[in-house]
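Asks: Line by line, the protein sequences are chains A and B.
Numbering-wise (our numbering), the first sequence opens with residue 1 and increments by one.
Numbering-wise (our numbering), the second sequence opens with residue 1 and increments by one.
I should point out that these hints are in silico values taken from the structure, not numbers from a laboratory.
Predicted model only: the values in this text are computed from it and were never measured.
Ideal placement from N, C-alpha and C gives every residue a C-beta, glycine not left out.
Among the hints, erroneous ones may be present.
[What the hints assert, rightly or not] Chain A side only, calculated, beta carbon under 7 Å to chain B, not exhaustive:
(1) Ala188
(2) Gln195
(3) Ile200
(4) Thr208
(5) Gly249
(6) Glu253
[What the hints assert, rightly or not] List time: in silico EDC-like cross-link candidates among lysine to aspartate or glutamate, alpha-carbon distance up to 20 Å:
(7) Lys104/B with Glu187/A
(8) Lys104/B with Glu184/A
(9) Lys102/B with Glu187/A
(10) Lys199/A with Glu163/B
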Amino acid sequence: MDRLPRLPFADWIDDGVDWLISIFAPFFDGISSFLEFIVEGSVNLLDLVPSILLAVIFAVLAWFISTRRIAIFTLVGFLFIDYLGLWYPMLQMLALVLTSVVFAVVLGVPIGIWGSQKTLVRKIINPILDLMQTMPAFVYLIPAIFFFNIGVVPGVVASVIFSMPPTIRLTMLGIKQVPSDLIEATEAFGSTAWQRLAKIQIPLAKPTIMAGVNQSIMLSLSMVVIASMVGAPGLGEEVYRAVTQLKTGVGVEVGVAIVIVAIILDRITQHAGTKKQGGISE
Amino acid sequence: MEEYDRKKKIEVKEATKIFGKQTKRAAELLQEGKTKKEILKATGATVGVNKATFNVYEGEIFVIMGLSGSGKSTLVRLLNRLIDPTLGHILIDGEDIVQMNKEKLRQVRRQKIGMVFQNFALFPHKTILSNTEYGLEIQGVPKEERTDKAIESLGLVGLAGYEDQYPSQLSGGMQQRVGLARALANNPDVLLMDEAFSALDPLIRKDMQDELLQLHSDMGKTIIFITHDLDEALRIGDRILLMKDGEVVQIGTPEEILMNPSNEYVERFVEDVDLSKVLTAAHIMKQADSVQIDRGPRVALRLMKRLRISSMYVTDKQKRLLGAVTASDADAAVAEGKSLEDILIKDISKIHEDCLLTELFDIVSTAVIPVAVVDEKERLKGIIIRGALIGALSGNDTFINENGMVEPVEVEVDEIG
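Please take these sequences and the hints and turn them into a complete structure.
Replies: Below, the structure is given as structure tokens:
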């Protein structure tokens with residue numbers, strides 16, 4: 001049976017990437033140095049503080065945002081990581097994750113709000129989000145290297161792309177889930193679209209949006225090992241090294257450290273969405 | 001009735017709403033006189049409101065009543081264009097809101113129309129105060145001023161002191177008071193109330209109806225009230241519009257609807273109405289025979305003999321009720337040369353002409369002589385005899401006076417004596 005001639009799809013993509021690089025190289029360089037500055041800056045900043053003090057600061061923060069139990073877990077967890085000698089790689093990973101999440105949220109929430117208001121936007125965004133979530137994360141890394149060289153930046157970019165969809169989706173969902181009679185009420189009183197959004201829809205969607213942010217953090221954490229393959233430093237790099245050298249003990253050690261960070265971030269952000277929402281429980 | 005002389009607040013002219021895809025085609029078919037069913041079959045579009053035409057006068061409570069699916073909720077939403085009409089015109093104070101641009105419409109919504117919703121539609125993340133302030137807040141009213149107005153408005157509905165609570169902390173009845181306060185805070189001319197009390201249990205509901213009536217008589221706002229409950233409509237409505245399948249079936253006062261149903265549908269709708277809650281004393285009273293106080297007992301006695309009654313009411317020249325005399329007392333008075341005033345029985349039961357039949361049972365059943373009906377100036381309007389009360393309740397029209405009016409009694413006293 002004759003086959004169809006092979007479609008040079010890969011070549012087209014390569015050509016496209018080459019073209020993008022040739023045109024936008026200065027732009028990508030700018031982004032690259034900006035992201036590098038932010039990630040490395042925050043690592044250096046965090047490293048200025050003694051590890052024990054930083055653990056305490058995080059614990060106090062956790063206490064304010066969520067519960068005392070989580071605060072205690074945060075303190076013990078961070079001290080344990082310090083004990084394992086993984087403090088500095090942990091800071092590197094934290095900086096990468098938090099930077100990615102900040103960008104995912106800063107870009108994702110407005111896109112989500114936009115999508116919630118316009119059906120056409122939503123129709124365009126949805127398939128793109130599907131693509132972003134299902135495309136194997138490794139694939140993002142290849143062009144990212146071309147655009148941003150190796151190191152932490154392609155890791156951040158890949159994390160942002162991979163972790164943004166839940167924030168966008170849940171922002172759209174949260175806003176659309178606001179009961180229609182409340183929307184009617186805001187309309188009946190003569191609100192503008194902005195007033196409706198700012199005073200009613202976004203505040204009421206906040207728990208759902210925060211659930212999206214929480215999911216983005218978790219996805220971003222899951223990217224750290226993958227990002228380390230293009231040279232992003234941190235706990236992911238340690239895992240990658242343990243895998244290539246077949247060191248089970250080190251692998252588990254670092255894995256546990258990642259899990260601890262994940263639990264801390266997860267619990268804190270989960271509470272941030274539900275706490276201080278007087279009378280929302282209906 | 002005097003309502004008809006009042007200023008038209010809202011004029012609805014052939015307002016039509018068609019839901020679905022081929023609304024234009026459906027509108028053409030509707031103009032050609034096709035029925036709702038035919039249009040649905042031809043285009044798949046549903047006629048929600050079919051050429052509704054009516055006026056709402058300033059200061060009245062206008063009730064739109066119909067069963068679910070009759071289009072009443074759609075109709076009320078056309079009035080502030082929460083739903084855009086497919087055809088027709090809606091004039092508020094003479095201005096057609098259908099033609100308005102977004103900004104003008106927004107101003108109308110902010111200043112002229114307040115709305116209260118079936119499921120309250122309070123903002124769960126805002127306090128009661130903040131909920132009540134909402135309408136003013138979005139108009140950019142300064143914080144202090146709007147807080148004052150909101151607190152005043154909450155006071156009107158009896159919720160002073162609950163400012164800092166959240167909606168979920170309040171009972172259903174209280175939540176709807178907040179809904180009402182929120183609508184009142186803007187000081188709108190017109191209040192739209194979409195099944196506002198339907199989600200409340202019966203007792204709370206009755207209280208709320210009473211309070212609404214009280215607020216209405218205090219503030220004189222035009223209220224358009226949607227309900228599926230005929231009893232509620234009859235209780236609070238100055239006029240009632242009945243809807244069926246998107247069409248206006250009948251418009252009239254509660255009495256007109258009950259007494260002269262315009263078609264079989266309305267008739268079936270009203271047949272289960274508890275008449276005792278609708279009819280008043282004025283509907284069933286009969287002419288009262290009375291005698292003026294300055295006539296002598298002899299005149300009273302002759303009147304009673306001629307009319308074959310054993311007692312009679314006594315009034316002054318202005319027909320104000322003073323008391324009653326019995327035939328035997330009058331007889332004795334004639335013998336002893338006493339005046340009517342000496343034998344007057346002042347301890348009599350009297351009722352107001354607007355009194356509902358439900359409130360009459362007790363008085364009428366225990367009264368020895370027919371109960372006197374008086375107006376607000378204490379003038380004798382008529383009497384109620386037991387038989388008429390029972391007859392009216394059994395639905396016998398012969399016992400019910402048209403329009404609730406009885407010819408004033410004229411007793412030609414001069415011809416006697």
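Asks: Please go over all the hints and tell whether each is borne out by the structure.
Replies: Verification of the supplied hints:
no.: 1; hint: Ala188; verdict: holds (4 Å)
no.: 2; hint: Gln195; verdict: holds (5 Å)
no.: 3; hint: Ile200; verdict: holds (6 Å)
no.: 4; hint: Thr208; verdict: violated (13 Å)
no.: 5; hint: Gly249; verdict: violated (50 Å)
no.: 6; hint: Glu253; verdict: violated (44 Å)
no.: 7; hint: Lys104/B with Glu187/A; verdict: holds (13 Å)
no.: 8; hint: Lys104/B with Glu184/A; verdict: holds (18 Å)
no.: 9; hint: Lys102/B with Glu187/A; verdict: holds (11 Å)
no.: 10; hint: Lys199/A with Glu163/B; verdict: holds (18 Å)
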